[in-house]
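For this one, chain A is given, so just place chain B on it according to the hints.
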Amino acid sequence: MTRDLTRVLTRAFALAALILGAVLVLSPFLWMLALSLKAPDEIFTPNIDLIPNSLHWENYAAAFGRANLLRSLWNGTIVCSGILVLQTIFAVPCAFALAQRRFAGRGVVFGLVLAGLLVPFHVTAIPIFLGLAQVRMLDSYTALIAPFAASVFGIFLFRQAFAALPTEVFEAARVDGLSEPAIVWRIAFPLALPAATAFALFSIVAHWNDLFWPLIATSNPALATPPRAILYFRDAESGAEVGALMAAAVVVVAPMVALFLVAQRRFVQGLAAGGLKG
Amino acid sequence: MTRRRETLTTLVLVGPATLAMTMLIFVPVVVVAGLSFTDYQFGAHSLNFVGLDNYRTLFTDPQARRAVTNTLLYAAVVIPGTCTLGLLVALGLHSLAIRAPRAAAVLRAAYFLPVAATLVAMAVAWQMLLHPNLGLVNQMLAAAGLPGQRWLSDRGLVLYTLAVIGIWQSLGYAMVLFLAGLAAIPPQLYDAAEVDGAGEGWDRFWTVTWPMLGPTTLFVLVITATGAFRAFETVATLTKGGPAFASDVLVYAMYREGFVYFKAGYSAAITMVFFVLTLAVTVLKFRVLENRVHYR
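Chains A and B supply the protein sequences, listed in that same order.
Under this note's numbering, the residues of the first sequence are numbered 1 to 278, in order.
Under this note's numbering, the residues of the second sequence are numbered 1001 to 1296, in order.
Please note that a few of the clues may not be correct.
[To be verified] In silico EDC-like links for lysine to aspartate or glutamate, alpha-carbon gap of 20 angstroms or less:
| # | chain 1 | residue 1 | chain 2 | residue 2 |
| --- | --- | --- | --- | --- |
| 1 | B | K1240 | A | E237 |
| 2 | B | K1240 | A | D4 |
| 3 | B | K1263 | B | D1053 |
| 4 | B | K1263 | B | D1196 |
| 5 | B | K1263 | B | E1006 |
These are computed hints drawn from the structure, not numbers from a lab.
Note that the structure is a prediction, hence the values are computed from the model and not measured.
Just chain A, same shape as in the assembly (with noise of 0.2 angstroms):
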């Protein structure tokens, strides 16, 4: 009797710690997406609401009006799917080879990719961008873009990808006559479609999120990624438009929830996949 009432007790508790800790976690979002719906005079004062008294819809607008805000989320676009589509078209054909051809040195360049994973990319930041400065390449979008074209965790998930599926499938297929691209996009892309769709969310998130290389590598605000523009935007602001700030925080935030809520398995495969890149 004693210890059933016990451990309902305990699980009362855990499940009462467990909702607490999540409204931790939320706080920021919710702090956040309070501020932004405020008016200016509401966030001022010294009181804590979290509910506005009345939505202030016009941060949203000053966001947009302001900050470049729009710009950058038309260059975050750009730049995701511009490295997106690169990393595939790269990682693709040379995974397929890795996973269902023999051929000489095809262990030195399976190597070569997982010596690739040790490195992470800020190692690799100085080279680059003498390397685009010597061409004059800098402050484009080929800067944001083409340093990130070889996606050794790309490979690295593909090969594991291919490697699941039955060879015969390919070799009848060469029998048919297929060409070795053909198969390569037209039978084994498609059957590899979960894995690429974890690859695809692990990569945007990774550069919508990124600051640390559009930092570096451009320095007109015409090219600026969202999180660049959230800090022109800060370091512009006075204090009198923080609801506007947060505004645009939340639309740049927005995009990544959503497409996490909408494919929350992927979404947590791929990055949790995403643990074995250095």
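Same frame as chain A, now just chain B:
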């Protein structure tokens, strides 16, 4: 003839990626290692070999050294914080999921949200949360009769504030990995433990769960460590390494010395220290992975 065609096909498939990998990863690593022994400045037309001078500065100059010590201190707070909390939340959600899967799923999503959210934007939100006068945190402290703190401008406090934000951000990631580890524990083991009289609460945890989670725990530790060494966004957004270098960390110092002050050689040395630190724990991670292939 067909042999040559085969080789050509392989080259078409593998060549571009291999070339890109070499140019974008391996050549830069060699270049940055070389630069770290020089006094090269961005834009300069010449450079001198200076031996270990850059490294000497980094480890002996009291100001420069802060980047190294702060990174280690930051990691020393974030790693245990993230792993302990991640494990506790995972344990709670794992047992909740049996009775209330919907509720567990909602809570899991809540804990994971910061992993997906743009850290720079969230850091700006944290800045308002921690604002000395208007922030929710100090207002709540005041309501409880406690003195407010200057969370981001107090030299003794700032690094810990950033570490708490770091834990907040990576907790959900650790949780997800622990949940996968928990799901992989065969239920029979718990039955066996019950027969042996270890069927309840913490007994059960120490006899079955904890030993079975060993590899997962090591994996999470290593991933959290590499993440902590890489701290940049919050520092760049909230403190710029200040006040007085109190929150300077390796990656931010690398950025500042290299790309604000253009001291490429010195920045390369900071890069190498960061690289060696990351490499040490990543190698550990791969040794763990070898023993445990089916981790997803």
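Against the structure, the hints:
{"no.": "1", "hint": "B:K1240 / A:E237", "verdict": "holds (17 angstroms)"}
{"no.": "2", "hint": "B:K1240 / A:D4", "verdict": "violated (54 angstroms)"}
{"no.": "3", "hint": "B:K1263 / B:D1053", "verdict": "holds (13 angstroms)"}
{"no.": "4", "hint": "B:K1263 / B:D1196", "verdict": "violated (64 angstroms)"}
{"no.": "5", "hint": "B:K1263 / B:E1006", "verdict": "violated (48 angstroms)"}
Comparing the model with each numbered hint stated earlier shows that hints 2, 4 and 5 do not hold.
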